[in-house]
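We have chain A; now place chain B with the ligands onto it with these hints.
Residue numbers (our numbering), protein chains in the order written: chain A, 960 to 1407; chain B, 1028 to 1365.
No lab work stands behind these hints: they were computed from the structure. Accuracy of the hints is not assured; some may be wrong.
[As the list claims (entries may be wrong)] Partial pick of chain A residues on the chain B-facing surface, computed with a CB cut under 7 Å: (1) A1013; (2) T1017; (3) L1019; (4) M1042; (5) G1046; (6) L1051; (7) M1246; (8) G1345; (9) T1355; (10) T1357; (11) Y1362; (12) F1384.
[Unchecked claim] No more than 30 Å apart at the CA atoms, straight line, and that leaves these computed lysine-lysine pairs for DSSO-like: (13) B/K1215 x A/K1014; (14) A/K1348 x B/K1176; (15) A/K1078 x B/K1358; (16) A/K1387 x B/K1066; (17) B/K1358 x A/K1010; (18) A/K1115 x B/K1176; (19) A/K1387 x A/K1014; (20) B/K1137 x A/K1173; (21) B/K1137 x A/K1078; (22) A/K1043 x B/K1358; (23) B/K1176 x A/K1339; (24) A/K1014 x B/K1030; (25) B/K1176 x A/K1120; (26) B/K1358 x A/K1014; (27) A/K1115 x B/K1030; (28) A/K1387 x B/K1030; (29) A/K1078 x B/K1215; (30) A/K1348 x A/K1120; (31) A/K1010 x B/K1137; (32) A/K1043 x B/K1183; (33) B/K1030 x A/K1043.
Yeah, the Cβ is synthetic: ideal placement off N, Cα and C, and Gly gets one too.
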Amino acid sequence: MDLIFSRILTGTTLGFHIFFATLGVGIPVLISLAEFIGLRKRDPEYLLLAKRWAKGFTILVAVGVVTGTCIGLQINLLWPNFMKLAGEVISLPFMMEAFAFFLEAIFLGIYLYTWGRFKNPWIHWSFSLPVIVGSSLSAALISTVNAFMNAPAGFKLVDGKLTEIDPMAAILNPATPSKLFHVLSSAYFMTACALAALTAFYLLFRNRRLTYYKKALGLTLSVALLGGILTAVAGDVSAKFMAAYNPEKLAAAEALFETEKGAPLLVGGLVDAEKQTVSYKIELPKMLSFLAFGNFNSEVRGLNAFPKEYQPPVFIHYMFQIMVASGVYGIAVSALYLFASWRRWKLATSKLLLWPIFLLGPIAIAGMELGWIFTEIGRKPWIIYGVMKLEDAVTTMTGIRGYFLAFLGLYLFIGIATIWVMVRFFRKRPVDRDPYYLEIHSDGGVPR
Amino acid sequence: MSKPEMAISILWMFLFCYIILASIEFGSGFLLFWARVRKWPHEAEEMIERYLSPFWEVTNVFLIAFIVGLVGFFPSAAYYYGTVLLLPGSIALILLVLKGTFFAYCHYAKVRHWAYYLLQGLAGLLLPMVLVSLIPVSEGGFVTEVDGKLVLLFEKVMTSPLQWTFVLFALLSVLFVSAVFLNFYATKAGSPVAAAKFRTVALNLGLPALGSGAFILLPLANVRPEHFLRIATDYSWLLLISGAFFVTAYMLLQKNRRAGWSFLLVIAQYAFAVMAYGYSHLPYLLYPQLNINDAIVNPVMYHYLMWAMVGGLCILIPGLLFLAWLFLFSKDYVKNGY
Ligand code: HDD
Ligand code: HEM
Ligand code: HEM
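Chain A with its partners taken away, still in its complex shape (with noise of 0.2 Å):
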């Protein structure tokens, strides 16, 4: 039962720090991205969106930085197994994390205390790079250990005492590459999809036209189409990684229990563990295999191949496929605005497709979120692959249950606080009623 409510525990704590922490991976490129085109361009409306988003960004990173901390110490507390081993071989990325917050946490203070304090403007804007030069760091360094997890490398275990320890090794594991890719990639494409459902959302119930809105979807929405594109080739990879090193979690992930040679792709379908069958799917012939080893003829290995002990749970089915399917609509979505309105279409800012755009946010959110999901749920029942069991890792405590409901009631509490608190600034600071905002158009609303 504690195993059970440690796991619940760190996956809630972990979902709940994830979305904080990838926005505060994204949200710096786009004010960045903003703030670079409004000097470049001299058009102050750009200069208004990179200051709003800030904004919202101070309150948003103070959510991230605290869960972060909670997530930091509580993995010590539930799993001083794991931490022990892991503080063997594979605290340098920690180690080296820390020292990426406070890059980040520096140059943030900086950033946001320091507008217009300079005269020349692009020094106010160079304070942005280290800012996301410490956060994709730190959740580039933070994601080695979640590789390393998965492709445990750089020492060796002799009658359960540790050799030939390699700390770089250790980080350069061979999930290492793939991860990196695809976590930032995503955490890019997810940022922009979300802040572009927030201007949809303006467009469609505040019926706002600004020029100023059309900018920021403009800008959002490519960020989107490039960071989708990315993360879909990132994936990829990660499937490539996958197939050659947990062979059982592609098996599950794509439920495919026997071992076939031109496997193929499997799109939605309902999964019966028992009766080992799925329903309801489409086949694309082949392409498994293709996906996995980039020949359309390789074999594939099913999860009967494995022992029933090490098969991961096959409901990571339906999470790999809704990840990959918002990849997909986040792909398809933006790409179809940026047409449309460079070819100056109606339909760019009609409800229709306002509407698919703003759906957007909560699908990219899922994907993410469910990402990790599927990942971390398919390494069942390693927490470090081939090498420590889950059971042997957790902590010795009990009651586990009792803090498990008592950090949910917390998250639940935050959760609302910071969407009403968020709500009600913005609702009383609506942009055209931003002192700055005013300024830009007090000549009759053409930009200067």
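Structure of chain B with the ligands alone, referenced to chain A:
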């Protein structure tokens, strides 16, 4: 200096930076609330917010750096403390989340409701009281092994005089340190009205804070006599210096002169006191289960961690100086907020 001593000294520095910065942050949080309740002039609130804006995120990272450093250099600390501190650690986390988010609501989202101020102020006071219980636990006697499982004797901790003297000391110190700092900040900002308020708090709490610190020695003599003896003999000179710093700082405060020096002296006072306590505690991290010589990480990892530390400090120190230059030593910012 041996490898474990080197590692623990570095960790000590991060911890000490956290103690000072966190004291200022937690204490300011409470004073922010108090300033509203007691209807202090608005400037007092403004001073607090102006300092906290660019600094509070950095404060938190010192805590992270200390924890990852501890687990990196002494992996078994993760096992011992991780297991034992599940309950106090979780309480501290909940308070930390409440403190951080509610401060952000008040400050960044401009929510002016008193309940928000109260919550972040209270959480800020309770946090040091919970965090400090790590120290009495590390003195030994509160952790036992039953069937190979570590158990924290929670009731014994809660009824131990040592625990409560530490709690009292933490509470008073946090308010004292932050008041001394804010006195300096407000003086620099040219706001004598606000400075006077903070100075009064500092003067009222200075002696009780010192007294509660000295008082810790009594229950310590009971719980772990040999630790008490080492402080009282080998390291008493550190305590004496610490006391001298306090007296000087206190006199400067009373005369209302050199607010910056009095803050530096108070930092030095705490540094020496913590050193005296820390050195005499060594080599144990958790008495008697865990000592730094056995717990030190393997030499390969040690080597890499040290290099990461050197590289990291090369970023951190200039970064912090730049931050301080912009927001602490810049007359314009301190005075006008930009
Ligand atoms: C949301 C993002 C996320 C991130 C960034 C990570 N994980 Fe994970 N983790 C989860 C999301 C998740 C999860 C989806 O929430 C899991 C899967 C099953 C569960 O109960 O929680 C989980 C489970 C999980 C467990 C319980 C064992 C299990 O069921 O697999 C541990 C010990 C960790 N994780 C530890 C880590 C560490 C040390 C990570 C970083 C290096 C990490 N996870 C990254
Ligand atoms: C087990 C996994 C993780 C742990 C232990 C962890 C730990 C932490 C900690 C301690 C903080 C607070 C640092 C501070 O005070 O600034 C933090 C914040 C942050 N984390 Fe995580 N983290 C994890 C997963 C991730 C992942 C996967 C990402 C990337 C997608 C990420 C990105 C960030 C970012 C960008 C911040 C800064 C907060 C912000 O700017 O919003 N973290 N994390
Ligand atoms: C479009 C096609 C996509 C493919 C083919 C794909 C493929 C994959 C694969 C194979 C993994 C598992 C990696 C492993 O466990 O080793 C994974 C994980 C993940 N995916 Fe995707 N993905 C796609 C789109 C997306 C999108 C759009 C998002 C975010 C919105 C996303 C977010 C994630 C995350 C956060 C993880 C966990 C981190 C990781 O393991 O890299 N993915 N993806």
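Consistency of the hints with the structure:
1. The beta carbon of A/A1013 is not positioned within 7 Å of any beta carbon in chain B (closest approach about 10 Å), and the interface hint is therefore violated.
2. Against a cut-off of 7 Å between C-beta atoms, the interface hint on A/T1017 holds, since the closest Cβ of chain B lies about 4 Å away.
3. Because the closest C-beta pair between A/L1019 and chain B is about 9 Å apart, greater than 7 Å, the hint is violated.
4. The interface hint given for A/M1042 holds, since its Cβ lies 4 Å from the closest Cβ of chain B, which is under the 7 Å cut-off.
5. Nearest Cβ of chain B to the Cβ of A/G1046: about 3 Å, under the 7 Å cut. The hint holds.
6. At its closest, the beta carbon of A/L1051 sits 5 Å from a beta carbon of chain B; the interface hint therefore holds under the 7 Å criterion.
7. Given hint, A/M1246 at the interface with chain B, is violated; its Cβ is 43 Å from that chain's nearest Cβ, farther than 7 Å.
8. Violation of the interface hint for A/G1345 is found here, the shortest Cβ-Cβ separation to chain B being roughly 20 Å, above the 7 Å cut-off.
9. For A/T1355, the interface hint holds, since its Cβ comes within 7 Å of a Cβ in chain B; the closest pair sits about 4 Å apart.
10. Taken as an interface hint, A/T1357 does not check out: its beta carbon lies about 10 Å from the nearest beta carbon of chain B, beyond 7 Å.
11. This hint holds: A/Y1362 has a C-beta 6 Å from the nearest C-beta of chain B, less than the 7 Å allowed.
12. The criterion of a C-beta within 7 Å of any C-beta in chain B is met by A/F1384, whose closest approach is roughly 5 Å, and the hint holds.
13. Simply put, B/K1215 and A/K1014 have alpha-carbon atoms about 28 Å apart, close enough for the 30 Å limit, and the pair holds.
14. Distance check on the hinted pair: A/K1348 and B/K1176 sit about 19 Å apart at the alpha-carbon level, within 30 Å; holds.
15. At roughly 18 Å between alpha-carbon atoms, A/K1078 and B/K1358 fall within 30 Å of each other, so this suggested pair holds.
16. Under the criterion of a C-alpha separation no larger than 30 Å, the hint pairing A/K1387 with B/K1066 is consistent with the structure, at around 26 Å.
17. Of the pairs offered as hints, the one joining B/K1358 and A/K1010 holds, with about 25 Å between alpha carbons and a cut-off of 30 Å not exceeded.
18. Simply put, A/K1115 and B/K1176 have alpha-carbon atoms about 27 Å apart, close enough for the 30 Å limit, and the pair holds.
19. This hinted pair checks out: A/K1387 and A/K1014 have alpha carbons roughly 13 Å apart, not beyond 30 Å.
20. The suggested pairing of B/K1137 with A/K1173 holds, with an alpha-carbon distance near 28 Å, which does not exceed 30 Å.
21. A threshold of 30 Å between alpha carbons decides the hint, and for B/K1137 with A/K1078 the separation of about 29 Å falls inside it, so the pair holds.
22. Of the pairs offered as hints, the one joining A/K1043 and B/K1358 is violated, with about 48 Å between alpha carbons and a cut-off of 30 Å exceeded.
23. Distance restraint check for B/K1176 and A/K1339: the Cα-Cα separation of roughly 25 Å lies within the 30 Å cut-off, and the hinted pair is therefore satisfied.
24. Straight-line distance between C-alpha atoms of A/K1014 and B/K1030 comes to about 45 Å, which puts the hinted pair past the 30 Å bound.
25. The straight-line distance between the Cα atoms of B/K1176 and A/K1120 is roughly 21 Å, inside the 30 Å bound, and the hint therefore holds.
26. With a C-alpha separation of about 25 Å, the suggested pairing of B/K1358 with A/K1014 holds against the 30 Å cut-off.
27. Distance restraint check for A/K1115 and B/K1030: the Cα-Cα separation of roughly 24 Å lies within the 30 Å cut-off, and the hinted pair is therefore satisfied.
28. In summary, the hint linking A/K1387 to B/K1030 is not supported, as the alpha carbons are separated by about 57 Å, beyond the 30 Å threshold.
29. Of the supplied pair hints, the one linking A/K1078 and B/K1215 holds, its CA atoms being roughly 25 Å apart against a limit of 30 Å.
30. Proximity of A/K1348 to A/K1120 is assessed by CA-CA distance (about 16 Å); at most 30 Å being required, the pair is judged to hold.
31. Between the alpha carbons of A/K1010 and B/K1137 the distance comes to roughly 16 Å, so the proposed pair stays at or under 30 Å and holds.
32. Our distance criterion of 30 Å between C-alpha atoms is met by A/K1043 and B/K1183, whose separation comes to about 27 Å.
33. At roughly 19 Å between alpha-carbon atoms, B/K1030 and A/K1043 fall within 30 Å of each other, so this suggested pair holds.
Of the numbered hints stated above, those contradicted by the structure are hints 1, 3, 7, 8, 10, 22, 24, 28, listed in ascending order.
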